[in-house]
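One letter stands for each residue in the lines below.
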Amino acid sequence: MPFESNVFINCPFDKFYIPLLQPMLFSVLYFRLNPLISETKSSGQVRVDQIKKHIFNAQYSIHDISRSEALGKNDLPRFNMPFEMGLDFGCQAFGKGKRAYKKCLVFEKKKYHYLKVISDIGGQDIENHNDNPEELVRKLRNWFAAVLNNHQPSPTLIWEDYNKFLTDLSERLKADSFSENDIESLPVSNFILLAREWLQLRKKVYR
Amino acid sequence: MAEKKLSRSLISSVAETARNPKNRLHVISRNGRWVVKKEGAKRVVGIYPTQSQAIEIATARVKAGKTDDAIVHDLMGRPAQKIV
Chain A
2 MPFESNVFIN
12 CPFDKFYIPL
22 LQPMLFSVLY
32 FRLNPLISET
42 KSSGQVRVDQ
52 IKKHIFNAQY
62 SIHDISRSEA
72 LGKNDLPRFN
82 MPFEMGLDFG
92 CQAFGKGKRA
102 YKKCLVFEKK
112 KYHYLKVISD
122 IGGQDIENHN
132 DNPEELVRKL
142 RNWFAAVLNN
152 HQPSPTLIWE
162 DYNKFLTDLS
172 ERLKADSFSE
182 NDIESLPVSN
192 FILLAREWLQ
202 LRKKVYR
Chain B
0 MAEKKLSRSL
10 ISSVAETARN
20 PKNRLHVISR
30 NGRWVVKKEG
40 AKRVVGIYPT
50 QSQAIEIATA
60 RVKAGKTDDA
70 IVHDLMGRPA
80 QKIV
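Chains as they are written, first to last, in the numbering used here: chain A, 2 to 208; chain B, 0 to 83.
Hint data in this document are derived by calculation from the structure and do not stem from the laboratory.
One or more hints might be untrue.
Calculated cross-link-like contacts (lysine-lysine; reagent style DSS-like; alpha-carbon spacing at most 27 Å) [as the list claims (entries may be wrong)]:
no.: 1; chain 1: B; residue 1: LYS21; chain 2: B; residue 2: LYS62
no.: 2; chain 1: A; residue 1: LYS175; chain 2: B; residue 2: LYS37
no.: 3; chain 1: B; residue 1: LYS81; chain 2: B; residue 2: LYS21
no.: 4; chain 1: A; residue 1: LYS104; chain 2: A; residue 2: LYS53
no.: 5; chain 1: A; residue 1: LYS53; chain 2: A; residue 2: LYS110
no.: 6; chain 1: B; residue 1: LYS4; chain 2: A; residue 2: LYS204
no.: 7; chain 1: B; residue 1: LYS62; chain 2: A; residue 2: LYS204
no.: 8; chain 1: B; residue 1: LYS37; chain 2: A; residue 2: LYS204
no.: 9; chain 1: B; residue 1: LYS4; chain 2: A; residue 2: LYS54
no.: 10; chain 1: B; residue 1: LYS81; chain 2: B; residue 2: LYS37
no.: 11; chain 1: B; residue 1: LYS4; chain 2: A; residue 2: LYS16
no.: 12; chain 1: B; residue 1: LYS21; chain 2: A; residue 2: LYS16
no.: 13; chain 1: B; residue 1: LYS62; chain 2: A; residue 2: LYS175
no.: 14; chain 1: B; residue 1: LYS21; chain 2: B; residue 2: LYS41
no.: 15; chain 1: B; residue 1: LYS81; chain 2: A; residue 2: LYS175
no.: 16; chain 1: A; residue 1: LYS175; chain 2: B; residue 2: LYS21
no.: 17; chain 1: A; residue 1: LYS204; chain 2: B; residue 2: LYS41
no.: 18; chain 1: A; residue 1: LYS54; chain 2: A; residue 2: LYS99
no.: 19; chain 1: B; residue 1: LYS4; chain 2: A; residue 2: LYS140
no.: 20; chain 1: A; residue 1: LYS16; chain 2: A; residue 2: LYS99
no.: 21; chain 1: B; residue 1: LYS81; chain 2: A; residue 2: LYS204
no.: 22; chain 1: A; residue 1: LYS117; chain 2: A; residue 2: LYS140
no.: 23; chain 1: A; residue 1: LYS140; chain 2: B; residue 2: LYS41
no.: 24; chain 1: B; residue 1: LYS21; chain 2: A; residue 2: LYS204
Please read these numbers as outputs of a predicted model, since none were measured by experiment.
The whole structure should be built from the sequences, with the hints applied where relevant.
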């Protein structure tokens, strides 16, 4: 996919984040863009190399730093997301040509939390999602409508289509012997493939 | 779950569901309220302050035979309950 269509997604991939990750991927596909994620395909592959490649190849980025804090008393904060965000900012700051015009959206959980932990990112496009997927879809849609400078379907339509897609997906996968657990832990690449195909037909019918 | 390669037929069957709207209602969250909406329709059946009120309306419509079934979604968008 061309540089102008690629969106680097920098977020957690654990089961607690899936309710936010899936609508994020669905929305990016809805805008006819191509999500790039750092799924390591073999143990020999150094993850950060793949991330650097994605950053280099993407015009847009979404960084979710909402999990960069300890979730529980005995947990430690996770710094992968801020680190990868820094790499992306560096690519934009020192990059030449089209890379100097990269655009990124930073998500946090609560508004202005970043001021307490990483205030140097002030001035970037920062939004909060409150761990609410509907809100995340709205903020994503509004940001992409602005940076792509074109009309996008309403956040409500995207959210409703996402709800319908999850129903269709669940019913079809269950009919193909997938368990609830299989569906919940569907690999991200599978989700992207199925959502992309579904949206292609969805748009042919309704647009 | 290990990466599972999906068959072409499964991918197509999921995609095909987008083509044909069912005679089905969805109960979906919207800005802190709940809407009941028929699949493929542009307008909602109604907007309600609580999920239970929306479920009541959807259930009545299913029982009256106005729709085949209704899917109740949770706040994450996932199908949580099917009313038949």
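Point to revise | Structure versus earlier hints, numbers of those that do not hold, lowest first | key: 7, 12, 19, 20
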